[in-house]
Amino acid sequence: MATMIEENGPSTHGRGELSSYSSRARQKLESLLNKNMRIRMTDGRTLVGLFLCTDRDCNVILGSAQEFLKSSDSFSQGEPRVLGLAMIPGHHVVSIEVESDSLVGTQGFGSSH
Amino acid sequence: MVMKSSVEDGDVGWGLGVPEKMRNNANWVDITHEFKGACKELNLGELLHDKFRFGLFEAMSAIEMMDPKMDAGMIGNQVNRKVLNFEQAVKDGAIRVRDLSLPELIGIMDTCFCCLITWLEGHSLAQTVFTCLYVHNPDLIEDPALKAFTLGILKVCDIAREKVNKAAVFEEEDFQAMTYGFKMANNVTDLRVTGMLKDVEDELQRKVKSTRSRQGEQRDPEVELEHQQCLALFSRIKFTRLLLTALIAFTKKETSSVSEAQKLMQQAADLLPALRSSIEHGIQSQNDTTKGDHPIMMGFEPLVNQRLLPPTFPRYAKIIKREEMVNYFSKLIDRIKTVCEVINTTNLHGILDFFCEFSEQSPCVLSRSLLQTTFLIDNKKVFGTQPMHDMIKDALRYFVSPPVLSSKCCLYNNHQAKDYIDSFVAHCSRPFCSLIQIHGHNRARQRDKLGHILEEFATLQDEAEKVDAALHSLLMKLEPQRQHLACLGTWILYHNLRIMIQYLLSGFELELYSMHEYYYIYWYLSEFLYAWLMSTLSRADSSQMAEERLLEEQQKGRSSKKTKKKKKGQGARPLSREITMSQAYQNMCAGMYKTMIALDMDGKVRKPQFELDSEQVRYEHRFAPFNSVVTPPPVHYVQFKEMSDLKKYSPPPQSADLYMAASKHFQQAKLILENVPSPDPEVNRILKVAKPNIVVMKLLAGGHKKETKVLPEFDFSTHKYFPVVKII
Numbered sequence: 001m002a003t004m005i006e007e008n009g010p011s012t013h014g015r016g017e018l019s020s021y022s023s024r025a026r027q028k029l030e031s032l033l034n035k036n037m038r039i040r041m042t043d044g045r046t047l048v049g050l051f052l053c054t055d056r057d058c059n060v061i062l063g064s065a066q067e068f069l070k071s072s073d074s075f076s077q078g079e080p081r082v083l084g085l086a087m088i089p090g091h092h093v094v095s096i097e098v099e100s101d102s103l104v105g106t107q108g109f110g111s112s113h
Numbered sequence: 001m002v003m004k005s006s007v008e009d010g011d012v013g014w015g016l017g018v019p020e021k022m023r024n025n026a027n028w029v030d031i032t033h034e035f036k037g038a039c040k041e042l043n044l045g046e047l048l049h050d051k052f053r054f055g056l057f058e059a060m061s062a063i064e065m066m067d068p069k070m071d072a073g074m075i076g077n078q079v080n081r082k083v084l085n086f087e088q089a090v091k092d093g094a095i096r097v098r099d100l101s102l103p104e105l106i107g108i109m110d111t112c113f114c115c116l117i118t119w120l121e122g123h124s125l126a127q128t129v130f131t132c133l134y135v136h137n138p139d140l141i142e143d144p145a146l147k148a149f150t151l152g153i154l155k156v157c158d159i160a161r162e163k164v165n166k167a168a169v170f171e172e173e174d175f176q177a178m179t180y181g182f183k184m185a186n187n188v189t190d191l192r193v194t195g196m197l198k199d200v201e202d203e204l205q206r207k208v209k210s211t212r213s214r215q216g217e218q219r220d221p222e223v224e225l226e227h228q229q230c231l232a233l234f235s236r237i238k239f240t241r242l243l244l245t246a247l248i249a250f251t252k253k254e255t256s257s258v259s260e261a262q263k264l265m266q267q268a269a270d271l272l273p274a275l276r277s278s279i280e281h282g283i284q285s286q287n288d289t290t291k292g293d294h295p296i297m298m299g300f301e302p303l304v305n306q307r308l309l310p311p312t313f314p315r316y317a318k319i320i321k322r323e324e325m326v327n328y329f330s331k332l333i334d335r336i337k338t339v340c341e342v343i344n345t346t347n348l349h350g351i352l353d354f355f356c357e358f359s360e361q362s363p364c365v366l367s368r369s370l371l372q373t374t375f376l377i378d379n380k381k382v383f384g385t386q387p388m389h390d391m392i393k394d395a396l397r398y399f400v401s402p403p404v405l406s407s408k409c410c411l412y413n414n415h416q417a418k419d420y421i422d423s424f425v426a427h428c429s430r431p432f433c434s435l436i437q438i439h440g441h442n443r444a445r446q447r448d449k450l451g452h453i454l455e456e457f458a459t460l461q462d463e464a465e466k467v468d469a470a471l472h473s474l475l476m477k478l479e480p481q482r483q484h485l486a487c488l489g490t491w492i493l494y495h496n497l498r499i500m501i502q503y504l505l506s507g508f509e510l511e512l513y514s515m516h517e518y519y520y521i522y523w524y525l526s527e528f529l530y531a532w533l534m535s536t537l538s539r540a541d542s543s544q545m546a547e548e549r550l551l552e553e554q555q556k557g558r559s560s561k562k563t564k565k566k567k568k569g570q571g572a573r574p575l576s577r578e579i580t581m582s583q584a585y586q587n588m589c590a591g592m593y594k595t596m597i598a599l600d601m602d603g604k605v606r607k608p609q610f611e612l613d614s615e616q617v618r619y620e621h622r623f624a625p626f627n628s629v630v631t632p633p634p635v636h637y638v639q640f641k642e643m644s645d646l647k648k649y650s651p652p653p654q655s656a657d658l659y660m661a662a663s664k665h666f667q668q669a670k671l672i673l674e675n676v677p678s679p680d681p682e683v684n685r686i687l688k689v690a691k692p693n694i695v696v697m698k699l700l701a702g703g704h705k706k707e708t709k710v711l712p713e714f715d716f717s718t719h720k721y722f723p724v725v726k727i728i
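First to last, the sequence lines map onto chains Z and Y.
With this note's numbering applied, the first sequence covers 1 to 113.
With this note's numbering applied, the second sequence covers 1 to 728.
Possibly wrong hints are sitting among the right ones.
According to the in silico footprint, chain Y covers these stretches of chain Z (three or more CB under 8 Å from chain Y) [unchecked claim]:
1. 34-42
2. 51-62
3. 87-93
Please keep in mind that the hints were generated in silico from the structure rather than gathered at the bench.
Glycine residues also receive a C-beta, built at the ideal position from the N, C-alpha and C atoms.
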């Protein structure tokens, strides 16, 4: 299981209930790492790629990202444009989707919480 | 779900296999809310990622979406117009495929020409020729002129690209060979396209004739305008056809087609004035009123291919202006005509000189490529007819007259001697082909490659020495009155020295050397390389003369009535011009190096601080490629310092003495060059540098401006290797 690295300062320790809630949030996010993710941006484009990194502001980095125009379905006109490694600033994220297969177990998203 | 057929077209197939498509059918679950909520639980500055497979280093190289600098696909930010492709634009009514007016056709064609030129100058097809929507699918065009024209342009691009690829004398800064899967009119033959162009041409010619002004008739301005515009269109169609036909001629294997290409190019050049005077008839680009955007020409969409380009590609390629179009074509045609001349040179040395001279004008990648592919056609024969081996043997005969290659010598038919010489010549083939190919690259890359090829020539030199020794001893036994000596070695040495000299001189042209380095570069050239070259050339000359004398004597012995009295010294010897020019160059270099030393003595040369390195380090770096050469042996720094030490003279010379000596060298160069029969532009260029330098050196010797702190200037604008020294 991937562990999180603290790039800037230590995480909060021993805050009891609060800390366990935080670590559950982290676990949920971690369970999505390297899975396929589809993000719609504010200008209508959709990016599909592997979820690699995020932060507090919901800036998301996707790997092997492909860009589709006309977000609704990925079969839009023309070919998807291959971008490679792409970062979407949090404030340009309209929606985030993952494949239902990625949501496994009770720890992940979509499960009861 | 309908699979987009464009994938099968074989164009941008970015490797999207079936699994990818399947994934798009997967059930996507929206987790936006939970995701954002979970993110809020992270600390400020904390990154959540896979520790092993992702880190800051990777994060740094991600392109940022919605940032105009990095996100080329951003919608609605930079341009307000919708970016439509050809089919969409036609459906939308944004462009027409029929009933185009003459000004529209002229404008579109001129812009296409400009795009073609911009592509030839090194930009991508996607941002030049293929910003013209019409070339994406000429089958949809109904206007016959435009249809023929676009097919013609596609064919021109296709052939040009093929030639440049085959010649392989380009680097990424010269040319972009990517076709992005665009169709280049492969479904139509070259002949068909030239035929279509001719049909349109004939039709237009009829129109031009019918609208011509007649004697005694009142000229209707409308008819006159139509006449001008028809003429303009006619010229463009004909120009396209001539250009295409010329390029097609270059693809043929016969040398006769090269002459044909030359004629066609001349005819194309004759059309250029008509093109130039009619540019104004074409419609201009419409100004796009959105922020910071470029004017858009009807039928063109600069962003239509943006999605095919990597994310970091610059947004627009700057297409040249129509006013510059004719000038460019004019120069291009001149270059291509010059290329056609190469078939008139038949000996290897002449060809090498031709390539060197051609390269000196920094020609474009297309003309360089055409020269390469004309020289060595597919079957590896020179001009398609002569095997390289024969050319090398001829070059040897011309330069150094080795006995073994003379039909009058007994070695000519000696089995063993033939083996030796044939094997040697066979080994020479590749290095010389490489050398000629090197001279096809752009000037900067050439220098680098010249440095590398010295290694191959060092191996050749080694072999030459061995073969020389073998042939020499063989000849001694069989025909003692003849001597082989070191013929082959001399010839290879000659080429070695030429390469080394070119390598050093091109450093001046490319502005690689600092002022404080001039003195050792010019020293190496004048005291070492040119000295060796002079002795090599005179050795070759003697070898030739020895052979000639022998032949004369043999002829005398045979028939006394047929002997021609050969006056001594009559007629220029084959190598005399080269010897003379080398002498001149040597004197120029000597003058320069003495000037630099004297200036240094007077504190007029700025030197670096040499904190982490020293002059020795720089010296060794400059001459590093020479380390692989056996003859002449490289001069190492310590040795150089000894050889150039002025203290070995007593009394050691002062700066005034050196200035005078430099002046004398320039004087000597001037004398030599003024006596050259039929001087070429190069001779005149050197004279233009030598003359002022004579004067400047004399002034400096007299103490002129000795106390000034201002540094002298070196003006290479007259001659790229030898500067005019200017004292401010």
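Hint by hint, here is what the structure shows:
Counting residues of the stretch 34-42 of chain Z whose beta-carbon sits less than 8 Å from any beta-carbon of chain Y gives 5, enough to reach three: the coverage restraint holds. Note: the stretch 51-62 of chain Z has 8 residues with beta-carbon separation from chain Y under 8 Å; the three-residue rule is met and the coverage holds. Chain Y is given as covering the stretch 87-93 of chain Z, and this holds because 6 residues of the stretch bring a CB closer than 8 Å to a CB of that chain, at least three being needed.
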